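Undergrad: What follows is each chain in one-letter form.
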Amino acid sequence: MLPKLFFGYFAIVMIALSLAVITRRNPVHSVLWMLVLFFHIAGLYLFLNAEFLAAVQIILYAGAILVLFLFVIMMFNLKEELTAERFIGEWPIGVALGISILMLMFFSMSKITTGPPGQYTIEAIKAETHTKAIGKVLYTEYLFPFEIASLILLIAIVGAIVLAKKRG
Amino acid sequence: MQIGYPILSTVIFLPIFGALLILLIKRTNEGLVKWSALLISVVTFILSIPLFVSFDKTTAAMQFAETRDWVPSWGIKYALGVDGISVLFVLLSTLLTILCVTVSWNSIKDKVKEFYAALLLIEGAMVGVFCSLDLFLFYIFWEAMLIPMYLLIGVWGGPNRVYAAIKFFLYTLVGSLLMLVGIIVLYLGTGMSFDILKMMTTNYPYDIQLILFWAFFAAFAVKVPMWPMHTWLPDAHTEAPTAGSVILAGILIKMGAYGFLRFNMPLFPEAAKAMAPAMMILSVIAIIYGGIICLGQTDLKRLIAYSSVSHMGFVTLGIFALNTQGIQGGILQMINHGIITGALFLCVGMIYDRTHTRQISDYGGAATILPIYAAFFMVFTLASIGLPGTNGFVGEFLIILGGFAASKILGVLAATGIIIGAAYMLWLYQKMFFMETGSKVQGHNDIDAREILTLVPLIILVFWIGIYPNTFLSFMDASVQNLINRVNEAGLAQTAQQAVEVIK
Amino acid sequence: MVPLEWYIGLSAVIFIIGVAGFMIRKNIIIMLMSIELMLNAVNISLVAFSHYLQDLRGQVMVFFIITVAAAEAAIGLAILVSLFKNKAAVHTDEIIEMKG
Amino acid sequence: MDKYVLIPLLPLTAFVINIIFGKWIIKEKAHWIAILAVLGSFAIAVSAFLEVLSGKVINYDVYNWIVSGNFKVTVGFLIDQLTAIMLIVVTSVSLLVHIYSVGYMHGDGGYYRFFAYLSLFTFSMLMLVMGNNLLQLYFGWEAVGLCSYFLIGFWYEKKSAADAGKKAFIVNRFGDFGFGIGVIMIFLMLGSLHYTEIFGKIGTLQGQAINILGYNVDLITLIALLLFCGAVGKSAQIPLHVWLPDAMEGPTPVSALIHAATMVTAGVFMVARFNPIFNLSETAMNVVALTGAITSLFAATIALVQNDIKRIVAYSTVSQLGYMFLACGVGAYGAGIFHLYTHAYFKALLFLGAGSVMHAMAGELDIQKMGGLKKYMPVTYWTFLIASLSIAGIPGLAGFFSKDEILWLAYNHGTVGKIVWAMGTAVAALTAFYSFRIIFLAFHGTFRGTHEQEHHLHESPKAMTMPLMILAVGAVAAGWVGIPAALGGSNAIAHFFEPVLGHPHVTAAHEEEYMVMGISIAAAIGGIFVSWIFYSLKPEIPKNLAVKFKSIYTTLWNKYYVDELYDFIIVRPVKWTATNILVAVTDGKIIEGIVNGVPAAIRNFGERLRKLQTGYLQHYALSMALGVFVILTLVLIAKGR
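Protein sequence lines, in the order shown, are assigned to chains A, B, C and D. Sequential numbering from 1 applies to the first sequence in my numbering. Sequential numbering from 1 applies to the second sequence in my numbering. Sequential numbering from 1 applies to the third sequence in my numbering. Sequential numbering from 1 applies to the fourth sequence in my numbering.
Read the hints as simulated data drawn from the structure, not as lab findings. Computed from a prediction, not measured in an experiment: that's the story for all the values here. A couple of the hints might just be wrong.
[Stated by the list, open to error] As a list, the in silico DSS-like pairs of lysine-lysine whose alpha-carbon atoms are at most 25 angstroms apart:
no.	chain 1	residue 1	chain 2	residue 2
1	D	Lys27	D	Lys201
2	D	Lys375	D	Lys158
3	D	Lys611	C	Lys99
4	B	Lys109	B	Lys26
5	D	Lys374	D	Lys543
6	A	Lys136	A	Lys126
7	C	Lys87	A	Lys165
8	C	Lys85	A	Lys79
9	D	Lys201	D	Lys56
10	D	Lys369	D	Lys543
11	D	Lys374	D	Lys548
12	D	Lys462	D	Lys27
13	D	Lys27	B	Lys57
14	D	Lys72	B	Lys408
15	A	Lys111	C	Lys85
16	B	Lys408	D	Lys611
17	B	Lys198	B	Lys26
18	C	Lys87	A	Lys79
19	D	Lys369	D	Lys611
20	C	Lys85	C	Lys99
21	D	Lys418	B	Lys440
22	B	Lys273	B	Lys440
23	D	Lys639	A	Lys111
24	B	Lys111	B	Lys26
25	D	Lys23	D	Lys201
26	D	Lys462	D	Lys374
27	D	Lys159	B	Lys440
28	D	Lys369	D	Lys589
[Stated by the list, open to error] So the derived label-pair ranges between C-beta atoms look like this:
no.	chain 1	residue 1	chain 2	residue 2	range
29	B	Asp446	D	Asp366	54 to 62 angstroms
30	B	Asp446	D	Asn544	34 to 42 angstroms
31	B	Asp446	D	Glu452	31 to 39 angstroms
32	B	Val456	D	Ala422	42 to 50 angstroms
33	D	Arg572	B	Asp448	38 to 46 angstroms
34	D	Gly203	B	Pro277	46 to 54 angstroms
We treat Cβ as the ideally placed atom computed from N, Cα and C, and that holds for glycine.
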């Protein structure tokens, strides 16, 4: 019962926070609400025995990406933003479409059938520690995608510099 | 008949590589661009001469054949070869390209290296079309040719060039797409093979033949162009630069008729036989219609373009007469038309370089100012109206003979085309060269040595074919006979096959 | 034990909120944030699957997604910066060069 | 290689040399090459003639021209009696005209060109008469037409000359159209185009009919008439006679050579050559005879009122050609060719004489503005007079014998023969009248031209009068080879032709022949007499007549309005169709409409579709979401089933 209650709290708060993120007029507020959301997601990860991911979530998302967002927002004229129209004229269509797709998703959820469980039981992970377990998988089975991921990051760095650099 | 190099591949790819090479030359160095284009085209022509010299005239089989696997999993091969029907076109292509290079020497001043590269690319693709023995390869060359031609018209053409280029492109593309569908059907019907020779010996059911016949017809009839798909031709010719018109008239529109001979007839013999009367009627309409409409033209190039419609009507008439004289005459007339109309466009280009007008009414009295030019133009005019002793006569006579043998009425109607032809060509000649000298003609120099040298090879061919056509007719004998046998016997073979099946 | 469906349902809701945010907001920054929302929603379901199927591959996937999200945010914001420099616009109704 | 090939080859060589080098190197010496070549041809032709005279017939192939399947044609030569006489006519007249032209064309800018064309013409004409197959005949046929085109339009700066050349070529093409189809029919029916094989097999077609648009037509008649079509065009018979009078725009030597002596007679030659075919069809023969007779009368009446000296002679040529066809039509091929042969000399003489007059008059052609030229140019006068007497049919001169032979044989050829004989005799009277009209108006009386013209009057140079005199001898003596038996001759020429052309056997008595002869002599003398009264004695009579019978006069003056008729029913409608229907409507609207209509519809659709492309990011996002929704729905429905 306790886990369900716990989950219920998380779920309600996270949905509320998400809605806040997309509805706030001031982008800074959105970012801040998002920060709170990310902490909650990290919490949910802990709840699911993914300690390493929880840490990454906070360090990377909360620490890096959101800060990046904030920096960019600082460059813009917030005053204008506060008076501008928030939503597009066709927003009800968007909402309706979103709800429709959501209905479809819920409808199809009943058809989910899970495959056979794998070898990484909670006990096994606990015995090996989560970080070590995920590291093992990452550097053996997923070595090649890992390298590619690093390449993507490299390209992102170069790209970001090229794009944001003043033309001259 | 052992030749040390794969001659067909060389003739196809030498100009293509040459074109790439030219693109690497520095833009400002126009002299080098021109000379290397000339060199490449001349070398290509020289390399293609063995086709003429060591061609074995006794067999209908494919000669100088080359076969390599290309995409084995899809049954695509790199197969080349020529027979008596196609060999002359290869030679004509390589010859005309040289003349196109020389005639454009001074008239193209803009984007020079791209122009010559496009010209050479077209040459390679054209030869490829005539040599391909694999339908896939054929289609690639067929479409590849379209792009540089489109550019030739669209970039170096006259004031209304974009419209003309797009019209040309759309027309041919629509036809080609229908053919593509046909090719895919054939591919499946031949057991996953694009081998043309294999298709030539396969008998398809009659209904399929009929559908495929029309699919291929769409592509080829547009190219020819048969009436009523001809309206792109005057626009394209009028707007194209001289070299473009020459290539267009000389080779490109021959591909349609060549396609009839290479695909429509041997692949779908029964359908071809059944559709022959319809084709002949369309041809005769083209002859007369194209001729009469010439009388109403005011634009020099447009008139010659419409005369092409009329002449190609003769060609298709001969081809679909389905007898030896008709088909041989048709093939010969294709060569003739390539020479004559090619030459006429060269001539028009030369005078256009001087006067910058295509309006017939602006001319007059040119024979006084440019006597040598007038003499050359006269010879081609006479060849165009089929005067005996010139090549035009041999072709037209054989076609009318063949056409008359197939259908008396159509033969007679086609013969009226000769009267009309004389009427419009002489009318044109009179307007351009006789009577008082027009103001725009005044004060120009006669054609120079370069231009004379451009026209002389064609003059020689005009009389060579006119006086001793057997040099060329003998190339086709075996292949044409083979084709006719195929068309005539296909029906029998099919019935025999059905009979065997019934017995089983 | 919380059923798997709950996690997926939560993930779906957040995903759709992200989608809706992307669709209805004019501000490009918010739109980029909506994308982050969607990615996180997917992450949640992946981690949940990983947990329930006792397979670490889901978490590895999340790891990659975070990487890509970081890259995406970097590039997206860089584009935004250069866009702002050029047009001083952060609203989508101000950027309609693609109008036919 | 043997000498006969050289007959056509020499002029061809001269042509090639002159046309290529004439402009820069040869220039004023062009005539040497041309004359030497024709002289060589003439010499060989004479030797060939002598061989034929001794009974030899030369027939051999040089090389295969066109071979296609079972169709095979060679270039080859046949020299029999018919060809031999033609060779003599062509080369001799050509030689004289060449010499004459040295004087006539002196100083013309296109001197080398003129001689080159003359050589080319001689070559073509020789190919025409020497060919041993139909296609080679056709080759020569078209090639002489081409030369005629070149030479009529020789002074191309003049619109009328350029028009006349074009008209000649195109009108001839109408005839050649029929001729070409005839050639093809012969090949399809008989499988060969060689004379020997055609004549050998033609009998097998007798009685066969062919179905044309539901009518059964006798095959041989059809073939014969198709061939005759060509002859009608080339020899300027009704209804294709319109080009010949206009052809007088060319230099006069050309008119003499091409439009009087040689090319225009090619039609007669062809009909005679194909006499085995014509003989098999009564209908075709009658058509030939009547066409000839009608043309003859028709042209003669027009000639009565014309004032242009060359046009009168041209109409007289048309008329005389009609005579020759008349002869062929009654089976008297030999007589026809005989007339062709004599006509070549006296008509060439008339033209060259007219040229000489023009030379003196500085290009003036109107006989009303001449008069009294006798004393200024005696050689021209006397030679012209001899030619006129010859053409009028005064006994003893060449024209008399050939004309008389034709009329006599026509008279003996049944009903049709009687009709054409009557017409022929009428024509004889008219011919005498208009020929002497020229004599009286131009050479007698007083000069009516301007002062400058009168001052300029002179006899022509030697190079021009020499040929006139030689031709005058021909105009007198050429007929002596055909003196009929009734006048104590042996009619040698008829016997000479008999192996090739046959000879109708006439059993009628000499008395009857004297009667026919007497009528035609009377007609000729009567014509001359009336002419003398009209134009020498009482010049006011013709003027009064012209006023009195105004409608007839204007009809004749306007040549029966045939040109206008053709212009109205053929030229204009075709041009109108070309510009107003084909260019404007069919090509411009219908085909282009369809062709441009489809892309236009597509573009229109595209224009509307483009509106969807708002450029608004969210709209794309919305449509993406919509797509996701639709696809998901479809997937779920598909899975649910």
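Undergrad: All hints are to be evaluated individually against the structure, with a verdict given for each.
TA: Against the structure, the hints come out as follows:
{"no.": "1", "hint": "D/Lys27 with D/Lys201", "verdict": "violated (51 angstroms)"}
{"no.": "2", "hint": "D/Lys375 with D/Lys158", "verdict": "violated (33 angstroms)"}
{"no.": "3", "hint": "D/Lys611 with C/Lys99", "verdict": "holds (8 angstroms)"}
{"no.": "4", "hint": "B/Lys109 with B/Lys26", "verdict": "holds (15 angstroms)"}
{"no.": "5", "hint": "D/Lys374 with D/Lys543", "verdict": "holds (24 angstroms)"}
{"no.": "6", "hint": "A/Lys136 with A/Lys126", "verdict": "holds (14 angstroms)"}
{"no.": "7", "hint": "C/Lys87 with A/Lys165", "verdict": "holds (15 angstroms)"}
{"no.": "8", "hint": "C/Lys85 with A/Lys79", "verdict": "holds (17 angstroms)"}
{"no.": "9", "hint": "D/Lys201 with D/Lys56", "verdict": "holds (23 angstroms)"}
{"no.": "10", "hint": "D/Lys369 with D/Lys543", "verdict": "holds (15 angstroms)"}
{"no.": "11", "hint": "D/Lys374 with D/Lys548", "verdict": "violated (32 angstroms)"}
{"no.": "12", "hint": "D/Lys462 with D/Lys27", "verdict": "holds (21 angstroms)"}
{"no.": "13", "hint": "D/Lys27 with B/Lys57", "verdict": "violated (47 angstroms)"}
{"no.": "14", "hint": "D/Lys72 with B/Lys408", "verdict": "holds (21 angstroms)"}
{"no.": "15", "hint": "A/Lys111 with C/Lys85", "verdict": "violated (49 angstroms)"}
{"no.": "16", "hint": "B/Lys408 with D/Lys611", "verdict": "violated (58 angstroms)"}
{"no.": "17", "hint": "B/Lys198 with B/Lys26", "verdict": "violated (47 angstroms)"}
{"no.": "18", "hint": "C/Lys87 with A/Lys79", "verdict": "holds (17 angstroms)"}
{"no.": "19", "hint": "D/Lys369 with D/Lys611", "verdict": "violated (83 angstroms)"}
{"no.": "20", "hint": "C/Lys85 with C/Lys99", "verdict": "holds (21 angstroms)"}
{"no.": "21", "hint": "D/Lys418 with B/Lys440", "verdict": "violated (62 angstroms)"}
{"no.": "22", "hint": "B/Lys273 with B/Lys440", "verdict": "violated (52 angstroms)"}
{"no.": "23", "hint": "D/Lys639 with A/Lys111", "verdict": "holds (10 angstroms)"}
{"no.": "24", "hint": "B/Lys111 with B/Lys26", "verdict": "holds (12 angstroms)"}
{"no.": "25", "hint": "D/Lys23 with D/Lys201", "verdict": "violated (50 angstroms)"}
{"no.": "26", "hint": "D/Lys462 with D/Lys374", "verdict": "holds (18 angstroms)"}
{"no.": "27", "hint": "D/Lys159 with B/Lys440", "verdict": "holds (18 angstroms)"}
{"no.": "28", "hint": "D/Lys369 with D/Lys589", "verdict": "violated (56 angstroms)"}
{"no.": "29", "hint": "B/Asp446 with D/Asp366: 54 to 62 angstroms", "verdict": "violated (39 angstroms)"}
{"no.": "30", "hint": "B/Asp446 with D/Asn544: 34 to 42 angstroms", "verdict": "violated (58 angstroms)"}
{"no.": "31", "hint": "B/Asp446 with D/Glu452: 31 to 39 angstroms", "verdict": "holds (37 angstroms)"}
{"no.": "32", "hint": "B/Val456 with D/Ala422: 42 to 50 angstroms", "verdict": "violated (60 angstroms)"}
{"no.": "33", "hint": "D/Arg572 with B/Asp448: 38 to 46 angstroms", "verdict": "holds (42 angstroms)"}
{"no.": "34", "hint": "D/Gly203 with B/Pro277: 46 to 54 angstroms", "verdict": "violated (34 angstroms)"}
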